[in-house]
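Chemist: Starting from the known structure of chain C, arrange chain X on it as the hints suggest.
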Amino acid sequence: MKLDRPDRPERLDALAAQYALGTLSPRARRRLARIARREPAVVAALRSWELRLAGLADAIPPVTPPARVWNAICTKLGIGDGQGADSAETGPAPWWSSLGLWRGLAFAGVAAALLLGLRLMAPPVEEPGQTIVAVLAGSDAKPALVATVERGGRILAVKAIGPIAVPPGRALELWALPAGKDPRSLGLVAATGVVRITLPAPADDALLGVPALAISLEPPGGSPTGKPTGPVLYSGGIERI
Amino acid sequence: MDEAAAARRSENLAALLARTALADERAFAELYRQTSSHLYAVALRMLRDKAAAEDALQEAFVSVWHHAGSYVAAKGRPQTWLTSVVRNRCLDLLRRRVPDTMTLTRDDDEGEFDLPATGPTPVELLLSGADAAMVRTCVDALPGGQRQAIALAFFQGLSHSELAAQLREPLGTVKSWIRRGLERLKSCLDRAGMAGP
Chain C
1 MKLDRPDRPE
11 RLDALAAQYA
21 LGTLSPRARR
31 RLARIARREP
41 AVVAALRSWE
51 LRLAGLADAI
61 PPVTPPARVW
71 NAICTKLGIG
81 DGQGADSAET
91 GPAPWWSSLG
101 LWRGLAFAGV
111 AAALLLGLRL
121 MAPPVEEPGQ
131 TIVAVLAGSD
141 AKPALVATVE
151 RGGRILAVKA
161 IGPIAVPPGR
171 ALELWALPAG
181 KDPRSLGLVA
191 ATGVVRITLP
201 APADDALLGV
211 PALAISLEPP
221 GGSPTGKPTG
231 PVLYSGGIER
241 I
Chain X
242 MDEAAAARRS
252 ENLAALLART
262 ALADERAFAE
272 LYRQTSSHLY
282 AVALRMLRDK
292 AAAEDALQEA
302 FVSVWHHAGS
312 YVAAKGRPQT
322 WLTSVVRNRC
332 LDLLRRRVPD
342 TMTLTRDDDE
352 GEFDLPATGP
362 TPVELLLSGA
372 DAAMVRTCVD
382 ALPGGQRQAI
392 ALAFFQGLSH
402 SELAAQLREP
412 LGTVKSWIRR
422 GLERLKSCLD
432 RAGMAGP
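Chains C and X supply the protein sequences, listed in that same order.
Taking my numbering, the leading residue of the first sequence gets 1, the next gets one more, and so forth.
Taking my numbering, the leading residue of the second sequence gets 242, the next gets one more, and so forth.
The following block holds chain C by itself, in its conformation from the complex (with noise of 0.2 Å):
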């Protein structure tokens, strides 16, 4: 069989064809494998046709597997709890990944109000949108700091703007929550008064895909890890006002 000669695109396809139905011998399947490692042709040809007949297995009616499969790949990669994939769902999360803390109505109304009073404080812009705004409250919904930069800018300031209760020999710190990612540190902000952090971008590179920040619990001088390991104290999403 002359897999890798380039002239014979049908006979690719063929071997192809029969690759994703299964019915390759074992030798030609692993010898196809192999030559699709290194020919993005193979490869395209092998993909068209899972493409093709993968859907066709839409129509098996769903059975669902025993608790130990999950059990077994969680341990097998070292991850989660080892409960079942059901349990993960309603177990504790990180909680970067619930964001409920700020989509709370009864916050939302406080940080509406905010905000709203955050732009008639301000003064007048020629175009609406030039500055980034987040609110950050606590599990009470009250309002604790906000954090301001402008859009072009790259100094982000933070202003404690409740009464903030820090535990001695713990420091507050600052994250970015990027949708679907881990948390971004930002630096480190004070219980009082405020902290200007610079940015590594401008802020509307910075934050780009940014729905919200979050303050957690960390040791002093900030997580070790790079993720949050302490609780979160505050959060809040990002409006651009």
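Keep in mind that the hints were calculated from the coordinates and are not lab data.
A quick note: this is a predicted structure, and the numbers were derived from the prediction, not measured.
Glycine is no exception: its CB is placed at the ideal position from the N, C-alpha and C atoms.
Check before you lean on any hint, since a few could be wrong.
[Stated by the list, open to error] Stretch-level coverage of chain C by chain X, calculated; a stretch enters the list once three of its residues show a Cβ under 8 Å from a Cβ in chain X:
{"id": "1", "stretch": "13-27"}
{"id": "2", "stretch": "62-72"}
{"id": "3", "stretch": "175-187"}
Modeler: Chain X alone, transformed into the frame defined by chain C:
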């Protein structure tokens, strides 16, 4: 599932895969929750053995965790990609079995085996697939032998020689049914605008 719902589901699965590629355990758990019963059914049907199907599903999801990023580069529905991962895993397992253990008879686990004996046949399944209208037209156009051979190969993972035994036809006949059936299916589906590269 209507087209809009199917598109939403694909979008959702693609997002879960993208997050899985970034090692998001919660997204991975959700992906498993949404797709495992379909993929397990595919594996059960091909391997006809609960323990083997569980192993295949487990290995497939371990592979998905490590290679979810490669989906991003792929074209096509996430469900298709996941099905391919599971089918390929099953085919590898089937082809690795020594011939005398590859038997079509059922073993002692038959009592708790989920595959319904009275369930749809492979050909019926082929005719009721998601892209039903197009696939039905194309499959209907295949001569009976080609249709049956492709359905058995697809849903039960039978090799050429196993097909020949099951259909009681010479090996050469079965091979040519498969080859010509696939060629016809391709040109028909391509004409219908489905699944181009």
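Chemist: Take the hints in turn and mark each one as holding or not.
Modeler: For each hint, the structure was consulted:
Coverage of the stretch 13-27 of chain C by chain X holds in this model, with 10 residues showing a Cβ closer than 8 Å to a Cβ of that chain against a need of three. Check on the stretch 62-72 of chain C: 9 of its residues sit with their Cβ under 8 Å from a Cβ of chain X, so the three-residue criterion for coverage holds. For the stretch 175-187 of chain C, the proposed coverage by chain X is satisfied: 3 residues have a C-beta within less than 8 Å of a C-beta in that chain, meeting the threshold of three.
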